[in-house]
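Work out the full structure, taking the sequences as your base and the hints as a guide.
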Amino acid sequence: MKFDQPAQTNPIDQLKVVGRATDRVDGPLKTTGTAPYAYEQYQAAANPAYGYVVGAAIAKGRITAMDADEARHAPGVLAVITAGNAGKLGKGSHNTAALLGGPEIQHYHQAIALVVAETLEQARAAAQLLRVDYARSPGAYDLAAVRDTATEPAEAMPDSRVGDFDGAYARAPVKLDASYSTPDQAHAMMEPHATLAAWEGDKLTVWTANQMIAWARSDLAETLGLPEDKLRVVSPYIGGGFGGKLFLRADVVLAALGARAIGRPVKVALSRPLMFNNTTHRPATLQRIRLGAEADGRLTAIAHESWSGDLPGGGPELAVQQTRLLYAGANRLTALRLAVLDLPEGNAMRAPGEAPGLMALEMAMDEMAEKLGLDPVAFRILNDTQVDPEKPERPFSQRRLADCLRSGAERFGWHARRSPGSRREGNWLIGLGVAAAFRNNLVMKSGARVRLDRHGMLTVETDMTDIGTGSYTVIAQTAAEMLGLPLDKVAVRLGDSDFPVSAGSGGQWGANSATAGVYAACVRLRERVAERAGIPPAEASFADGQVRGGGGRGMTLAQAAAEGELVAEDSMEFGDLDQRYQQSTFGAHFVEVAVDYATAETRVRRMLAVCAAGRILNPKSARSQVIGAMTMGVGAALMEALHIDKRQGFFVNHDLAGYEVPVHADIPAQEVIFLDETDPMSSPMKAKGVGELGICGVGAAVANAIHNATGMRVRDYPITLDKLLPGMPERAELG
Amino acid sequence: MKSFTYEKAQSPAEAAAAAARIPGARFIAGGTNLLDLMKLEVETPAHLIDVNGLALDRLEPLSDGGLRVGALVRNTDLAADARVRRDYPVLARALLAGASGQLRNKATTAGNLLQRTRCAYFYDTNQPCNKRVPGSGCSALEGLSRPLALIGVSRACIASHPSDMAVAMRLLDAGVETVKADGSRRLIPIADFHRLPGDTPQHESALAPGELVTAVSLPPPLGGKHYYRKVRDRASYAFALVSVAAILQPDGSGRVALGGVAPRPWRLESAEAALPLGARAVTEQLLAGATPTQQNAFKIPLVQRTLSAVLAEAQG
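In order, the protein sequence lines correspond to chains A and B. Each residue of the first sequence is one higher than the one before, counting from 1 in the working numbering. Each residue of the second sequence is one higher than the one before, counting from 1 in the working numbering.
Honestly, the hints are just simulated from the structure, not real lab data. Check each hint, because a few of them may be wrong.
Stated by the list, open to error - As a list, the in silico DMTMM-like pairs of lysine to aspartate or glutamate whose alpha-carbon atoms are at most 25 Å apart: (1) B/Lys-2 / A/Asp-655; (2) A/Lys-723 / B/Glu-142; (3) B/Lys-2 / A/Asp-166; (4) B/Lys-39 / A/Glu-118; (5) B/Lys-39 / A/Glu-121; (6) A/Lys-391 / A/Asp-166; (7) B/Lys-106 / A/Glu-121; (8) B/Lys-39 / A/Asp-133; (9) A/Lys-723 / B/Glu-284; (10) A/Lys-445 / A/Glu-569; (11) A/Lys-646 / B/Glu-272.
To be verified - Beyond 12 Å from chain A on every Cβ pair, some chain B residues (computed): (12) Glu-60; (13) Gly-135; (14) Gly-143; (15) Arg-185; (16) Asp-192; (17) Ser-205; (18) Ala-235; (19) Pro-250; (20) Ala-309.
Unchecked claim - From the derived model, a few chain A residues whose C-beta atoms are all more than 10 Å from chain B: (21) Arg-264; (22) Asp-403; (23) Gly-413; (24) Asp-496; (25) Gly-564; (26) Val-567; (27) Glu-573; (28) Met-639; (29) Arg-647; (30) Gly-658; (31) Val-714.
We put the beta carbon where it would ideally sit given N, CA and C, even for glycine.
And the structure:
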């Protein structure tokens, strides 16, 4: 099915199931511990052996000698897999560095060996017996130091110039020129990368934790040099991803190699310390923003430049992409620069681009509002646009940013905000902050298969994944709505490469695209059911488990399938509506912080997000997505940072004690409001994504609240107390 | 984790004798620190002596009005004890400021005193660390030093002691009761219990080989107002950047100890005479001679400001 015209009224608009706050259908499995995650696939393959991954001890250089004899002869050891005995390996199209390194080492903790043994403990102990000699090469580990060597990543995003930025900026009566930085960040999801691999002849099945099944399969085929049809990738439950599981990683490749070497299934999970340097991370950015405005607050010049680094062949953090679309202004410049760094591979993490980009842009907007003497909410509304500012002939499909800001301000009590540093309660300095949220709505081709059996049970099969987001539930809701069934008559099977290829989970495209694919398959099934019932498909209606036509003809769906299962498969392909209309999601974040007068510790006291993101398929799971993202945004604002050892070239704080993310005590009351909206340009579901929108702008809202509380502007994230202390008022009375 | 042998100790004296006799032996109680370090092979004991069954889990009043805390009293139980809450609230608060409920349920009094540094380089066996591999060098001096110590340190090591409880114990002038391998017993003042790194950062306490902590004795209650103010990057479940433990008396006298700034709980009795002069004067004496790195120099004003807030609260 092709979606190339705006959606008309369709069965989803009934909203009997879709659009209602619905408990997750997979909830009981999760809360009872019976959902089999990759490492707990006990039924899948008998008698697995255990692999333990060894990471490189240097950041860049070569292995000059490796002695695995002692490890091979340690108790229980079955094999030691290294680049030397693994055979020729390719590299997946989504990978930058090799997943099994050696003799060349490209980054710290790059996998150099897998020790396979009868037990995890034996494999882990033997891994320590591997003797490796290295020859180090000098590397680049400091983005600021190599900033001037960065080049334009023309393929990823070329520079964009509209109008005459330099002239307009020079003429602007009010200007801002400020630099910001965001650190490297880790996904730090609870479940580490893990895989159980089993061969049957020349066929390989991997039970793994992956967001994008089709990518994993094609990259595994490329890496192992096998045809895709010999590979099956299964990933029904995933313990968090945030982009960290978008790609094939070392656990899959090494488990497959280990299982082949010993002729027996092998299980591999990355140890927690490997999670930070072995895998991908969100790259650090250095950003410069220049804004020029008329005295009345209208922006006339907007420039946003961002520098980031990655391994050779890697890509930039797209930190300027939202700036091309968020605010009006005739003269514009956006530019990315990419430097070579020999740190671990940078890649997507929740709202790649917008998350760090808005941390800078939305702080700059706060600073500019202050210079102009305007309220930050009013300043943003003043510079709102309903068209793509670079291509004014191209409208937004829906854009209710101003509504988000206005209604949020009212709900949050924004009028109570005072001038910076002027509100104090006991030992606490209190401040309010706001930021706009913006994230593009991407659409991806997505397929599904639906089966109706003689009991009237509908089963949906698609390789879509549920990374904790609620995919199972919104897909069940969609199928139930389309066929007029209650939720308990729908079973959803996900995350298996034997199922039709879906959009997968990434870029907040999953919910809208995958349910659109299920919609397409259900349209086909409705036709089959109507045929069986002898009803012209155009006249058939589906409700209460029955199909009905004119004149009272009809039957139950069970009866329709009585002679044999009815199966339909289709996919949704998207035309050029996303070219004709800019599709984006919008929101406004409001935050109240308290900063301790003595210690400069910041504690968030209240948060509100108002979101306009198309039809909300399941308000309950959507809210969970947004509050989770808000929590991650608090982490980015206040604590999350991978600390680089610039001599050795690695992230030093590589465990969950050293890489701090928010705990319960850090997160206060969070409120989420979804504006009532449908977007007929996005899909027949009229939905868009929310999973990434929720983090966009949060960091800046916290930072702006800290400024309002203290009068200080910290432009280097995270805003830890040591950066605030020098500017905190003295307690002169106590000396 | 390397393979190890294991035994359950039958008595404190036998445990100490066995630990001295068997090369590479370590005691294990709660295991909340040791097991993590063993999995990473930062610690590689050849033999574990499980002391959990030694009936050292009691709290007993002492004849002088003090309280003896058995070495195996769990952190949760110690923090919840009515006598501790009434007479030594600084200790209860310090305990509750540390770790998580689950960890406090397992962690013991002696184990808490003896927990090892959280310096990231100590945890990464690829990296030089004089504490882990003597003579290999200190990675932290020019690396990630923000969380680490700035006083009592050496060129060999700037690791900080991670315990909250130990700071309160030092403030209270607790005594550490031990039994040695030869069966003899002694009392080590807490001030002498933790060693500064010098050139041998691998030696962290005054304990002789095999010597087992059996109890920590608290002196009679001191009265006054008790404070434990822990400053950290997130609201819970994080090690202190700086902590200030204080007992302040109505006449303006008192005691102050610091966490997060030194390789051991940091207290200088001589500095406490300056309490009536205010936080700046006390901090100047407490941290005189500090050698911070660029990354952790903020701890000096942070100590002063935190102490200042504590003093203000005591007055208010």
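Quick rundown of the hints versus the structure:
Only pairs whose Cα atoms come within 25 Å are accepted, and B/Lys-2 paired with A/Asp-655 is accepted, the gap being roughly 21 Å. Taking the CA atoms of A/Lys-723 and B/Glu-142, the gap is near 20 Å; set against the 25 Å cutoff, the hint holds. Annotation: proposed proximity of B/Lys-2 to A/Asp-166 is violated, straight-line Cα distance about 65 Å (limit 25 Å). For the hint linking B/Lys-39 to A/Glu-118, the alpha-carbon distance of about 17 Å falls within 25 Å, and the restraint holds.
Restraint check for B/Lys-39 and A/Glu-121: the C-alpha separation of about 9 Å stays at or below 25 Å, so the hint holds. Between A/Lys-391 and A/Asp-166, the direct Cα distance comes to roughly 20 Å. Compliance with the 25 Å bound is thereby established for this hinted pair. Our distance criterion of 25 Å between C-alpha atoms is met by B/Lys-106 and A/Glu-121, whose separation comes to about 23 Å. For the given pair, B/Lys-39 sits about 23 Å from A/Asp-133 by alpha-carbon distance, which is consistent with the 25 Å threshold.
A distance of roughly 22 Å separates the Cα atoms of A/Lys-723 and B/Glu-284; the hinted pair therefore holds under the 25 Å criterion. For the proposed pair A/Lys-445 and A/Glu-569, the alpha carbon gap of about 14 Å is at most 25 Å, so the pair holds. Of the pairs offered as hints, the one joining A/Lys-646 and B/Glu-272 is violated, with about 41 Å between alpha carbons and a cut-off of 25 Å exceeded. With a least CB separation of 34 Å from chain A, B/Glu-60 remains clear of the 12 Å interface cut-off, as annotated.
Its beta-carbon lying about 18 Å from the closest one in chain A, B/Gly-135 satisfies the requirement of being farther than 12 Å from that chain. The claim that B/Gly-143 is not at the interface with chain A is violated, since a C-beta of that chain comes within 12 Å of its own (minimum 5 Å). B/Arg-185, annotated as away from the interface, keeps every beta carbon of chain A farther than 12 Å; the closest lies near 36 Å. For B/Asp-192, the shortest C-beta to C-beta distance to chain A comes to about 29 Å, beyond the 12 Å cut-off, and the non-interface label holds.
The Cβ of B/Ser-205 sits about 22 Å from the closest Cβ of chain A, beyond the 12 Å cut-off, so the non-interface label holds. For B/Ala-235, the condition that its CB be more than 12 Å from all CB atoms of chain A is violated, with the nearest at approximately 4 Å. Interface exclusion of B/Pro-250 from chain A stands, the closest Cβ pair being 18 Å apart, more than 12 Å. Not every beta carbon of chain A lies more than 12 Å from that of B/Ala-309, the smallest distance being close to 4 Å; the non-interface claim is violated.
The non-interface label for A/Arg-264 is consistent with chain B: the shortest C-beta to C-beta separation is roughly 23 Å, beyond 10 Å. Annotated as non-interface, A/Asp-403 keeps its C-beta farther than 10 Å from every C-beta of chain B; the closest such distance is 33 Å. Every CB of chain B is more than 10 Å from the CB of A/Gly-413 (nearest about 24 Å), matching its label as outside the interface. For A/Asp-496, the condition that its CB be more than 10 Å from all CB atoms of chain B holds, with the nearest at approximately 34 Å.
With a closest Cβ-Cβ approach of about 54 Å to chain B, A/Gly-564 is found to remain outside the 10 Å limit, as its non-interface label requires. Interface exclusion of A/Val-567 from chain B stands, the closest Cβ pair being 49 Å apart, more than 10 Å. The Cβ of A/Glu-573 sits about 46 Å from the closest Cβ of chain B, beyond the 10 Å cut-off, so the non-interface label holds. Distance check on A/Met-639: its Cβ comes as close as 5 Å (rounded) to a Cβ of chain B, failing to clear the 10 Å threshold; non-interface status is violated.
In this structure A/Arg-647 is not separated from chain B by more than 10 Å, as the shortest Cβ-Cβ distance comes to only about 7 Å. A/Gly-658, annotated as away from the interface, has a beta carbon of chain B within 10 Å; the closest lies near 5 Å. Once the 10 Å rule is applied to beta carbons, A/Val-714 is consistent with being away from chain B; the minimum gap is 13 Å.
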